[in-house]
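S.K.: Letter by letter, the chains look like this.
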Amino acid sequence: MTAGNAEAASAASATLTVNGLSHWFIDPQSGSTVHALDDINLAIQPGEFITVVGPSGCGKTTLLKILAGFLKPLAGEARVHGSLITKPGRDRGVVFQELAILPWRTVRRNIGHGLEIQKVPKDVRAKKVAELTDLVGLRGFEDHYPHQLSGGMKQRVAVARTWASDPEIILMDEPFAAVDAMTRQTLQEELIRLTVETKKTVFFITHSVEEAVFLGDRVIALAARPGRVKASVQVPVPREGRTWETMTHDPSMAACVEEVLGLVRGEHEATLASESHANADAEQAQET
Amino acid sequence: MTAIPMPVLRTSPWSKVKKYALPIIPFFLLIGVWVSVIAIADPAIGILPRPLKVLQVPFQEDEYWPNVTASLGRLFIGFLVAAVTGVLAGIVAGLSRKFADFIGPLVTAMNAISGIAWIPLAIAWFGIGRGMVVFIVWNGAFFLIFANTVLGVRMVPEVLDRSLQTLGASRLHILRNVTFPGALPHVMSGLRSGLGFGWRAVIAAELVGATSGLGQWIFIAQEFARADIIVAGALTIGVIGLIMDRGLLAPLERRTIERWGLVESSA
Ligand SMILES: Nc1ncnc2c1ncn2[C@@H]1O[C@H](COP(=O)(O)OP(=O)(O)O)[C@@H](O)[C@H]1O
Ligand SMILES: [Mg+2]
Numbered sequence: 012m013t014a015g016n017a018e019a020a021s022a023a024s025a026t027l028t029v030n031g032l033s034h035w036f037i038d039p040q041s042g043s044t045v046h047a048l049d050d051i052n053l054a055i056q057p058g059e060f061i062t063v064v065g066p067s068g069c070g071k072t073t074l075l076k077i078l079a080g081f082l083k084p085l086a087g088e089a090r091v092h093g094s095l096i097t098k099p100g101r102d103r104g105v106v107f108q109e110l111a112i113l114p115w116r117t118v119r120r121n122i123g124h125g126l127e128i129q130k131v132p133k134d135v136r137a138k139k140v141a142e143l144t145d146l147v148g149l150r151g152f153e154d155h156y157p158h159q160l161s162g163g164m165k166q167r168v169a170v171a172r173t174w175a176s177d178p179e180i181i182l183m184d185e186p187f188a189a190v191d192a193m194t195r196q197t198l199q200e201e202l203i204r205l206t207v208e209t210k211k212t213v214f215f216i217t218h219s220v221e222e223a224v225f226l227g228d229r230v231i232a233l234a235a236r237p238g239r240v241k242a243s244v245q246v247p248v249p250r251e252g253r254t255w256e257t258m259t260h261d262p263s264m265a266a267c268v269e270e271v272l273g274l275v276r277g278e279h280e281a282t283l284a285s286e287s288h289a290n291a292d293a294e295q296a297q298e299t
Numbered sequence: 041m042t043a044i045p046m047p048v049l050r051t052s053p054w055s056k057v058k059k060y061a062l063p064i065i066p067f068f069l070l071i072g073v074w075v076s077v078i079a080i081a082d083p084a085i086g087i088l089p090r091p092l093k094v095l096q097v098p099f100q101e102d103e104y105w106p107n108v109t110a111s112l113g114r115l116f117i118g119f120l121v122a123a124v125t126g127v128l129a130g131i132v133a134g135l136s137r138k139f140a141d142f143i144g145p146l147v148t149a150m151n152a153i154s155g156i157a158w159i160p161l162a163i164a165w166f167g168i169g170r171g172m173v174v175f176i177v178w179n180g181a182f183f184l185i186f187a188n189t190v191l192g193v194r195m196v197p198e199v200l201d202r203s204l205q206t207l208g209a210s211r212l213h214i215l216r217n218v219t220f221p222g223a224l225p226h227v228m229s230g231l232r233s234g235l236g237f238g239w240r241a242v243i244a245a246e247l248v249g250a251t252s253g254l255g256q257w258i259f260i261a262q263e264f265a266r267a268d269i270i271v272a273g274a275l276t277i278g279v280i281g282l283i284m285d286r287g288l289l290a291p292l293e294r295r296t297i298e299r300w301g302l303v304e305s306s307a
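Top line first, the protein sequences correspond to chains P and Y. In terms of the working numbering, the first sequence opens at residue 12 and continues consecutively. In terms of the working numbering, the second sequence opens at residue 41 and continues consecutively.
Among the hints, erroneous ones may be present.
To give an idea of the chain Y side of the interface with chain P (calculated C-beta under 8 Å), a few residues [as the list claims (entries may be wrong)]:
1. Gln205
2. Ala209
3. Leu212
For the record, the hints were derived by calculation from the structure and aren't laboratory data. Think of the CB as a built atom: it goes at the ideal place given N, C-alpha and C, for glycine as much as any other residue.
Produce the entire structure from the sequences given, and follow the hints as far as they go.
M.R.: Right, dumping it as structure tokens:
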């Protein structure tokens, strides 16, 4: 089954659709055109957890910015339930790659910020914040400021804040890239639990194939220069109850990782293996 | 995952003594030099007064306190106007990168002009007295506060703004919860240096442009060869400047900003 046909067939019922989307930048220094995205077609079903994997510089963040409504594509379109995306909206929560929680708000006030904006009554807000604080394992840190937390804890605050405001769709841009490997696995398992419980539609970007296969219902492999969909791979194991323990012992998961790795590795070698490794190393080095 | 404990820096009593007592030593050294010069050279009273004579000025001269309050009053009004206009205009200008670039060179040029240069013109506009001094103070503080506020607004990471947009926040909500608190460290340092420059501007403006105030009093004292008044006035200016900076604005700056972990505490 080719990716294109599957996307077209399921577009009608989809939550998020991307049709013939292309985008390019003019490099300010050289004046040359950087073709970031080329004719991307996607259909993401309600409750589906899509992971997008590709080498760095292949246009992942550009695609997310378009879906979030921060960037207008130069060709093609992106739609939520059939209506064109033109600006950011509460229906699409975003967890950014950079740290995006407010340093001058405590954990409690950061997590409750979306609810505060929605003018949810104080007592309802407090209850929901307490629930999410527990869910992401931050109980006892409610009155801490972000600078008093580790990198992994800050990212949990960001995730909890997005979940608290209850968007239908959640867009995540390499949210765990700057977290140490041990913490990352915990956060990934927590994310599986959280999404299985809340049945959200998730669009999750990563440059790690293992992470993409572990988290996703379906993995979209992107090719670079220009960024385009190389393949869409269904993950053979249901997401319910996935843990790193079971994943490493499941041969079908291992085969899936191999398959995606094969797709992406060709890209790495063809383009910028050294560059993306250098990036991964830099991110490892930032561990907090 | 365990909590990263917050580093609690215990300050021993001795370190407190070191922090507050040691910087007093240079003041005593200066007084020591002063006393020695008098002992060795024995200058005329109109050239260099004795410390004790200077110390008596606040208690013996009836004009001392009225002049202090006149200067402080002008500083207060001028600084208040500069703070309000500088911060408001700075936020508006900072929100647009294009406008900030457009206005930037003018502000730098205005900042470079010593406030004294405007005194003759200010006298022509406002006459001698409070209005003129207030204008010179405003001029001395406004551009500093404005430039720092613009910088502060521009330094707020865009991702904070965007993350709140995805939570459905209004422009006004983002302004109050991201732009202003994010710019606050720079706003505070702008206010701090603005107050310092405003205070200098008061004294400079009063030398020729007022009939009262510390600056005017010092200027007149010269005609009567009252070096004790000149030195007492100068020391008063210094002490008030020190109290305003270290006693008022520096702690305020530290309290708001250090709690957020935005800047390292400078011991
Ligand atoms: N604002 C921009 N101006 C110029 N080039 C850009 C801009 N944003 C992204 N690019 C370029 O577009 C390509 C894709 O970038 P991005 O979407 O950030 O990739 P990824 O997130 O997959 O690492 C890169 O080559 C990048 O240099
Ligand atoms: Mg990216």
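S.K.: Determine which of the earlier numbered hints do not hold for this structure and return their numbers in increasing order.
M.R.: Structure breaks hint 3 only.
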